[in-house]
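Engineer: Residue numbers (the numbering used here): 1 to 190.
Since the hints were made in silico from the structure, they are not lab data. Each hint should be verified, as a subset may be incorrect.
Derived lysine to aspartate or glutamate pairs resembling DMTMM-like cross-links, with alpha carbons at most 25 Å apart [what the hints assert, rightly or not]:
hint, residue 1, residue 2
1, LYS129, ASP119
2, LYS55, ASP16
3, LYS55, GLU152
4, LYS110, ASP121
5, LYS154, ASP16
Quick list of simulated restraints, FRET-style, between CB atoms [to be verified]:
hint, residue 1, residue 2, range
6, SER76, ASN11, 34 to 42 Å
7, ALA73, GLN23, 34 to 42 Å
8, ILE21, GLY136, 25 to 33 Å
9, ALA85, ILE30, 17 to 25 Å
10, CYS75, ASN118, 19 to 27 Å
11, GLU92, GLU152, 29 to 37 Å
12, ALA73, GLN38, 13 to 21 Å
13, GLU24, SER104, 37 to 45 Å
14, ILE30, ARG69, 16 to 24 Å
15, GLU152, LEU117, 33 to 41 Å
16, GLN38, SER104, 21 to 29 Å
17, LYS155, ARG132, 21 to 29 Å
18, LYS154, ARG132, 14 to 22 Å
Quantities reported herein were computed from a predicted structural model and do not represent experimental measurements. Heads up, the beta-carbon is just placed ideally off N, CA and C, and yes, glycines get one too.
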Amino acid sequence: MLPQQNVTVFNKDIADVSQGIAQELQHKTISYIVIDPQAFQGMTWAGIGPLLHCKGDAMVTWFEAEFWRMKCAACSQNEHQAAEASGERLTELLGNDQWKNAQSAEELTKIFITRVLNDCDKTAHAKIKIPRSEGGYYWMILFTKAAKLADEWKKHVEKRINSAHGRDIAVLLDVKAGRTATLKNWIKTE
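With the sequences and hints as input, model every part of the structure.
Structural biologist: Structure below.
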């Protein structure tokens, strides 16, 4: 008999619930954290850090272009309060001010990945570029302790994304959770 699968959705600010979630997950043998923000709203280390420190895997939706725009605004308009706030948010999220020297959106993503790997007891990651229907893209980044797991996840999710119906985030989460099955699993042959 398989254990009951529980999914809990919190409709609150991540900073308000992440510490409590992390404490609850300390008593679990396995967890899979999904951090799927609205662009970069709520993306602070204070909010996501406790979740990324949990044992188990974590997937983060990373809006590279939005972070790059925030970086450019922070660097080009230092005298404006909004730009200063953007810079402070980037420093808090990325752990230092290396973002100021980033020459591309990809470098910002690497700084984030490095922080998670170094600070959160994760040893491997895989990332998948997801095209947006309105143009552009975002990344799904999996952080785990096993390189093989990260590679397998990437292979399976990319296969699903390239299928006719696989771009829906719910479908991608089903793939990760092992809840999808092929027709041969449902048809008995004798």
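Engineer: Against this structure, judge whether each hint is valid.
Structural biologist: Hints versus structure:
1. Only pairs whose Cα atoms come within 25 Å are accepted, and LYS129 paired with ASP119 is accepted, the gap being roughly 24 Å.
2. With a C-alpha separation of about 20 Å, the suggested pair LYS55 and ASP16 falls inside the 25 Å cut-off, and the hint holds.
3. As the CA atoms of LYS55 and GLU152 are separated by approximately 19 Å, the hinted pair is consistent with the 25 Å bound.
4. Proximity of LYS110 to ASP121 is assessed by CA-CA distance (about 17 Å); at most 25 Å being required, the pair is judged to hold.
5. With a C-alpha separation of about 31 Å, the suggested pairing of LYS154 with ASP16 is violated against the 25 Å cut-off.
6. In this structure the supplied range 34 to 42 Å holds for SER76 paired with ASN11, their Cβ-Cβ distance being about 35 Å.
7. In this structure, ALA73 and GLN23 meet the distance hint of 34 to 42 Å, their C-beta atoms being roughly 36 Å apart.
8. Between ILE21 and GLY136 the CB atoms are about 30 Å apart, so this pair conforms to the stated range of 25 to 33 Å.
9. For ALA85 and ILE30, the Cβ-Cβ distance of about 38 Å falls outside the hinted range of 17 to 25 Å, so the restraint is violated.
10. Roughly 24 Å separates the CB atoms of CYS75 and ASN118, a value that falls within the hinted 19 to 27 Å.
11. At about 33 Å, the beta-carbon gap between GLU92 and GLU152 stays in the expected band of 29 to 37 Å.
12. Look at ALA73 against GLN38: about 18 Å separates their beta carbons, and that is inside 13 to 21 Å.
13. Checked against the hint of 37 to 45 Å, the C-beta distance between GLU24 and SER104 comes to roughly 38 Å, which is consistent with it.
14. About 37 Å separates the C-beta atoms of ILE30 and ARG69, a value inconsistent with the hinted range of 16 to 24 Å.
15. About 18 Å separates the C-beta atoms of GLU152 and LEU117, a value inconsistent with the hinted range of 33 to 41 Å.
16. Take GLN38 and SER104: their Cβ atoms lie about 24 Å apart, and the range 21 to 29 Å holds.
17. The hinted range of 21 to 29 Å is satisfied by LYS155 and ARG132, whose Cβ atoms lie roughly 22 Å apart.
18. For the hinted restraint 14 to 22 Å between LYS154 and ARG132, the CB-CB distance of approximately 19 Å keeps it satisfied.
This entry does not satisfy hints 5, 9, 14 and 15, going by the numbered hints stated previously.
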